[in-house]
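Those protein sequence lines, which keep their order, are chains A and B. In short: position in the first sequence from 1, add 543, done, that's our numbering. In short: position in the second sequence from 1, add 1, done, that's our numbering.
Treat the hints loosely; a few may be bogus.
As the list claims (entries may be wrong) - Straight-line distance between alpha carbons at most 30 angstroms, and here's what the computed DSS-like set of lysine-lysine pairs gives:
#, chain 1, residue 1, chain 2, residue 2
1, B, 205, B, 187
2, A, 547, A, 557
3, B, 58, A, 1128
4, B, 191, A, 637
5, B, 187, A, 640
6, B, 101, B, 58
7, A, 640, A, 685
8, A, 640, B, 258
9, B, 187, A, 717
10, B, 194, A, 717
11, A, 990, A, 1009
12, B, 219, B, 164
13, B, 58, A, 1009
No lab work stands behind these hints, which were simulated from the structure alone.
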Amino acid sequence: MKEKIVNISLERPKLIIAISLILAILLGAMIPQIKIDTDPENMLPPDEPARLFHTQTKEKFGLHDMIVVGVVNENSANGIYNIKTLGNIHALSKEIKNIEGVIQEDLMSLTEADNILQDGPGTIRFEWLMNTAPTTLEHVEKIKSAVNRLPMLNNTMVSGDGKAAGIYIPIVEKHESYRIASEVKAIIDTLDSDDEFHITGLPIAEDTFGVEMFMQMAISAPLAGLFIFALMWYFFRSVTLITAPMIMSMIVVIATMGLLIGMGYTVHIMSSMIPIFLMPIAVVDSVHLLSEFADNYRPGKDPKQVTREVMQHLFTPMLFTSITSALGFASLALTPIPPVQVFGLYVAFGILLAFVLTVTFIPAYIALLSPKQLQNLGKVDHDQESNGLLARFLRRLGEKSLAAPKLIVSLTVIVLAISIFGITRIQVNDNPVQWFAKSHPIQVADKTLNKHFAGTYNAFIVLSKKEGDSKERFLANFDRVISEARSNQLDLEELSKVAHTSIKEQPSLDEALEGIINQLDERSFDATDEQLPYIDQLLELSEEQASEEKYFQSPEALAYIEQLQTALLESGYVGKSNSIADIVKTVYRELRGGDQEHFVLPDSNEAVAQTLLSYLGSHRPNDLYHMVTPDYRDASIWLQLKSGDNIDMAYVTEFVDAYVATHPLPKDVALEWAGLTYINVIWQDAMVKGMIGSLISAFIAVFVVMIILFRSVSFGLIAMIPLTVTITSIYGVIGFIGKNYDMPVAILSSLTLGLSVDFAIHFLERSRAIFKQTGSIKETLLHMYEDPARAISRNAIVIAIGFTPLLFAPLSPYQTVGAFLATIMAVSCLVTLMVLPAVISLTSNFLFKPEQNKLGEEK
Amino acid sequence: MIKKLAVLLLLYPLSSLAADLTDVNEIINRANNAAFYTANDGRAVTRMTIVDSQGRKQLRQFTILRRDIEDGGDQNYLVYFTRPSDIKKTMFLVHKLPGKEDDRWLYLPGLDLVKRIASGDNRTSFVGSHFFYEDISGRDLDADTHTLTQTDETFYVVKNIPKNPASVEFSQYTVWIDKNSMIPIKTEYKDEKGEVYRRVETLKTEIIGGFNTATKMKASNLRNNSYTINEMRFIQYNLGVPENIFIERSLRTPPIKWLKRR
């Protein structure tokens, strides 16, 4: 089989190269259709219940994605409360309303807010808070005192310290936020202002993210290519030798990205890293192949024959290292995070493609080289290399390691133990805003605004009243009146039928009651004097039920919300919360004359309903329906959080869980969560759990592959040592240095697994082959520190350096991956070269003696 | 014969054969009278259906009792809510004073509270609907400059530009006035960008007690496709409503005799 592949490639090189190039061109043609996906919601599958509920909640309460403009004045004693700043806010807000794609009626700004105030004894007044730019200090003062009186505005529209004001711009389409933000910026630039302006908000973060992702792909990936090229040139000093791997890795990257895009997948932050992952991985095998070729080729030899020989002993290890690396990445498909799944599967695909090209494209390339080029290749100075810095270092490393195998093994055990302790200290936490660099305007805005305001991160507690048995109860009461009428010889059966059908046909009792009331109302016109009292009774019954259905208009429900809000505020986890209870209390206070003692909930459904009716007579009645649905069956509490860290959000949910445990929810009321900050917790949770599964299955799969490769359980076990030590110690370090376990850190485990087992495979394969020749463990191990160790370290260095351009990427997940991958390569290479020989020399009698014959047979 | 002739003569100005009006002030004055000052007094039961952008409905029902003091001038209203039951007996009393801020009172039975309501403008929502307070009671004619832009077979089209743009949320609005009945059939409001974002329509007119009367009206927010429909029923004119019921005391003790619909 493998001979066949190699032969075809050697005999029909042009065909092979043409096929490879056509593949790259065809799949590459898909790339222009690229769609960038920066929506953090997509971390969860579209049918994930928490995400569905989140989407539903947004619809139900008319919540939109918002761009937030923060205006900060730290210099003036009165903060933003001065004629100039307010004038600018006024001008800016009015202009913002004219920007295409802005939902005007939901714009939140001082200019758009309605003020409710006392206007002489017994009079309340609704007026725009700042419809005109203030020109007098009195007006400024009036605005200030109004904001301080209105809980819905205070610390949301203007910060508690008065230093910052917020303009919240709801937008129709998230992907338009970049354009809208630019228009806002352009307006800001025209203002004569000494204030600081910050533009932030999730849609902005997402859009900016997309731009930075492109930057990463456009800069870091080619840079990685360049680094690898330079590095290989340093190692091999032959452009001929390294051109083929470079072309091949380009083909792999283009084909993989083209396929991904062509299959209709969006490019997410994860998949944008695919090129930078594939490039070094794709290069290493072919470098291995070519350097062996160069070692063995001497002028006069048949290059095809040399290729066949080299392939003969490299094919199997290359196949297996590719399979294990692919397995490591493919195991990411077991996480429940779609972008991570796509990333894992496509990198796996790319690795396998790279293998196929290594055994076809590279031989074809060799077959096409001119004798002169081949001659140059043969001249590559190997002696220099075997006395180079790396060679000398490796030899010393070998001497030291082989001198004290017991010490090394005990040290390894100690490191493992400490690392496990470190792992227990790992803190799971993520916050997509923190993915930006600290100096990024979005991070600066985030920090500044959260310093002043109650919080720019949103979460929503949604309380829903379930139907319970109210339908049955209502119908029973209804029929009781009908049968009372019947006992007085009055036939009102038709009305009973009306009620029953209506309730059966209408989706909710609320809507059914509306129909029933209408019909009863009509019926009352032509009712006889005897029938009328019964119909009135039925009407009253139905209306009472209808009123009862509006659960979140009842003082009982509002009181629960109010108490929960108070507890949340006192807990310190939440900067501020807003709910229908706040609206009711504010309006009620103003209706009662404005004294703070009346800042309470009224005591009956009717009083609440009428208080709200007064509020609905303002300029912005629809603001109510962000807090409660028009049928009053669902209410939301909007929580403003100062931190978007998952860990902080988790504290809040835990607090609420504990609160609900001691303060049971009212009957038939359910509490659920929505909001992006909460959604982040959900996918983070899913990811941590999913990663454990993916890691364990990948570990088992790789172990099985190792047993098959070496036809030995003990060799399989030994092959697992480097990756086990590496993964454990890397995560141990993460636990100790307090680095958050976030998305990039999570995927590292699978990467490590797939990559560091390669070293073990090469190491063990080579030592078995050498042992076969020498028959001496000691000699074998000493020899291992010559060219086998150099090949392994070279690979490690190529991959590590290949990833370092990620350090220059603008987003922190890229930096994390870059830094840790370089570390992982170094650690697993060292563990392979130090711990494996130590273990082998300690267990050589058991390992090598009984296996020797079998091994001999195999080769 | 003479009687018939007299009737014909009376009807003549209303027929489409009549010469078109050209004076915009006369047009808007007559439209104002036709829409808000029909007869000397009147009563209607209004069923209001508020439909939000997601199609969710809310229903309110109230009786409006009106008495004109002067056509095109001062007039008084009582608005008495009957449904839903939790706002039953809630009541508005309005002394409309064109050119000045109206006097408005609100009675909330659940709080047993009478409150005077003042407003910076009349473009606040009427009980959470898409109708503004001003759509119900009529906008002050002097607040805008009016231009007759078009006269076709059925409509006078009048463009209106506010004299004080800061006091309103629109930049201009256009009214289509039915030439026959002089009832405004359609009003479209444009924002600063010149886009029509709001529409108030008369969906149905009937002749009641000899008067052309709008019996179904719709106010729409075209930006999010939400709207409110008002259906007026049990309309009666010239009931002989006395002036002395339009006082604060009526709020707590409603003049049921005049509010009852039959």
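Status of the hints after comparison with the structure:
For the hint pairing residue 205 (chain B) with residue 187 (chain B), the CA-to-CA distance comes to about 11 angstroms; that is within 30 angstroms, so the pair holds. Among the hinted pairs, residue 547 (chain A) with residue 557 (chain A) is consistent with the structure: their alpha-carbon atoms are about 17 angstroms apart, no more than 30 angstroms. A hinted pair counts as satisfied when its Cα atoms are at most 30 angstroms apart, and residue 58 (chain B) with residue 1128 (chain A) qualifies at roughly 25 angstroms. In summary, the hint linking residue 191 (chain B) to residue 637 (chain A) is supported, as the alpha carbons are separated by about 15 angstroms, within the 30 angstroms threshold.
Between residue 187 (chain B) and residue 640 (chain A) the CA atoms are separated by roughly 26 angstroms; this keeps the pair inside 30 angstroms, and the hint holds. Pair hint residue 101 (chain B) plus residue 58 (chain B) does not hold up; C-alpha atoms about 35 angstroms apart against a cutoff of 30 angstroms. With a C-alpha separation of about 24 angstroms, the suggested pair residue 640 (chain A) and residue 685 (chain A) falls inside the 30 angstroms cut-off, and the hint holds. Among the hinted pairs, residue 640 (chain A) with residue 258 (chain B) is inconsistent with the structure: their alpha-carbon atoms are about 49 angstroms apart, more than 30 angstroms.
The straight-line distance between the Cα atoms of residue 187 (chain B) and residue 717 (chain A) is roughly 35 angstroms, outside the 30 angstroms bound, and the hint therefore fails. A distance of roughly 22 angstroms separates the Cα atoms of residue 194 (chain B) and residue 717 (chain A); the hinted pair therefore holds under the 30 angstroms criterion. Straight-line distance between C-alpha atoms of residue 990 (chain A) and residue 1009 (chain A) comes to about 40 angstroms, which puts the hinted pair past the 30 angstroms bound. Annotation: proposed proximity of residue 219 (chain B) to residue 164 (chain B) holds, straight-line Cα distance about 26 angstroms (limit 30 angstroms).
A distance of roughly 19 angstroms separates the Cα atoms of residue 58 (chain B) and residue 1009 (chain A); the hinted pair therefore holds under the 30 angstroms criterion.
Of the numbered hints given earlier, the model fails hints 6, 8, 9, 11; all others are met.
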